[in-house]
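Protein sequences, first through last, are from chains D and H. According to this note's numbering, numbering within the first sequence proceeds without interruption in unit steps and concludes at 1174. According to this note's numbering, numbering within the second sequence proceeds without interruption in unit steps and concludes at 132.
Derived by calculation from the structure, the hints in this document are not laboratory data. For each residue, glycine too, the CB sits at the ideal point set by N, CA and C. Among the clues, some could well be false.
[Unchecked claim] What follows is a list of derived Cβ distance ranges for each label pair:
id, chain 1, residue 1, chain 2, residue 2, range
1, D, K1075, H, G23, 30 to 36 Å
2, D, G1064, H, D81, 18 to 24 Å
3, D, A1113, H, A51, 22 to 28 Å
4, D, G1124, H, Q103, 49 to 55 Å
5, D, T1066, H, L68, 28 to 34 Å
6, H, T100, D, G1114, 21 to 27 Å
7, D, G1101, H, A51, 25 to 31 Å
8, H, G23, D, P1100, 19 to 25 Å
9, H, A51, D, P1122, 18 to 24 Å
10, D, Q1083, H, E105, 29 to 35 Å
11, D, Q1083, H, E101, 39 to 45 Å
[What the hints assert, rightly or not] Derived lysine-lysine pairs resembling DSBU-like cross-links, with alpha carbons at most 30 Å apart:
id, chain 1, residue 1, chain 2, residue 2
12, H, K80, H, K59
13, H, K64, D, K1070
14, H, K93, D, K1075
15, H, K93, H, K80
16, H, K90, H, K59
17, H, K79, H, K44
18, H, K80, D, K1070
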Amino acid sequence: NAGVTQTPKFQVLKTGQSMTLQCAQDMNHEYMSWYRQDPGMGLRLIHYSVGAGITDQGEVPNGYNVSRSTTEDFPLRLLSAAPSQTSVYFCASSYRRGGETQYFGPGTRLLVL
Amino acid sequence: GENVEQHPSTLSVQEGDSAVIKCTYSDSASNYFPWYKQELGKRPQLIIDIRSNVGEKKDQRIAVTLNKTAKHFSLHITETQPEDSAVYFCAASNGNQFYFGTGTSLTVIP
């Protein structure tokens, strides 16, 4: 199993551009989530999904969209990038919601100029 | 929403000594408390977790304690080794959402 994979590893955007961060898992996990990690602030939940077709907002959802058309994929879309979205983004998955081990992807480092 | 506070933000210990990191949470609905270790430039990895119906859990040199009444939980690392140097994060979850502490940078001095 590849586990949780993310692409790209690094991306530079200009303010106002849009892009999609890809996340995939091959462990048949129901629960998937996106976090951003900023210095001194830990990880903050952006959006999560408890299964295909079901998504919900986390702590910091503004400026981001998600969809979950398949169990395996959970892309994160930045609609109009802003410098405040410069961060490291992690995708994570677990077998199901509610107290299961979360496995994190390797992260995507995003710089918005 | 939930608020997780973590202390200290930095911790230095001599090799072989113990390290303790403490977290508090605010939402009594939180029922799952994982701890993650993150090495520089790497992804967070789960090292131990505890559920709200358990007061203590141990795995070799690592232990976690939970006090539901006081809403705090702690990570204990005994016989620390240089490879324990990393950033450690606590988290609290109500099942759907995870709230993380701001991290503790642990340095083990050989």
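Structure-based check of each hint:
no.: 1; hint: D:K1075 x H:G23: 30 to 36 Å; verdict: holds, 33 Å
no.: 2; hint: D:G1064 x H:D81: 18 to 24 Å; verdict: holds, 21 Å
no.: 3; hint: D:A1113 x H:A51: 22 to 28 Å; verdict: holds, 26 Å
no.: 4; hint: D:G1124 x H:Q103: 49 to 55 Å; verdict: violated, 41 Å
no.: 5; hint: D:T1066 x H:L68: 28 to 34 Å; verdict: violated, 18 Å
no.: 6; hint: H:T100 x D:G1114: 21 to 27 Å; verdict: violated, 46 Å
no.: 7; hint: D:G1101 x H:A51: 25 to 31 Å; verdict: holds, 27 Å
no.: 8; hint: H:G23 x D:P1100: 19 to 25 Å; verdict: holds, 22 Å
no.: 9; hint: H:A51 x D:P1122: 18 to 24 Å; verdict: holds, 20 Å
no.: 10; hint: D:Q1083 x H:E105: 29 to 35 Å; verdict: holds, 32 Å
no.: 11; hint: D:Q1083 x H:E101: 39 to 45 Å; verdict: holds, 41 Å
no.: 12; hint: H:K80 x H:K59; verdict: holds, 16 Å
no.: 13; hint: H:K64 x D:K1070; verdict: holds, 12 Å
no.: 14; hint: H:K93 x D:K1075; verdict: violated, 43 Å
no.: 15; hint: H:K93 x H:K80; verdict: holds, 19 Å
no.: 16; hint: H:K90 x H:K59; verdict: holds, 23 Å
no.: 17; hint: H:K79 x H:K44; verdict: holds, 15 Å
no.: 18; hint: H:K80 x D:K1070; verdict: violated, 35 Å
Consistency note: the structure conflicts with the earlier hints numbered 4, 5, 6, 14, 18.
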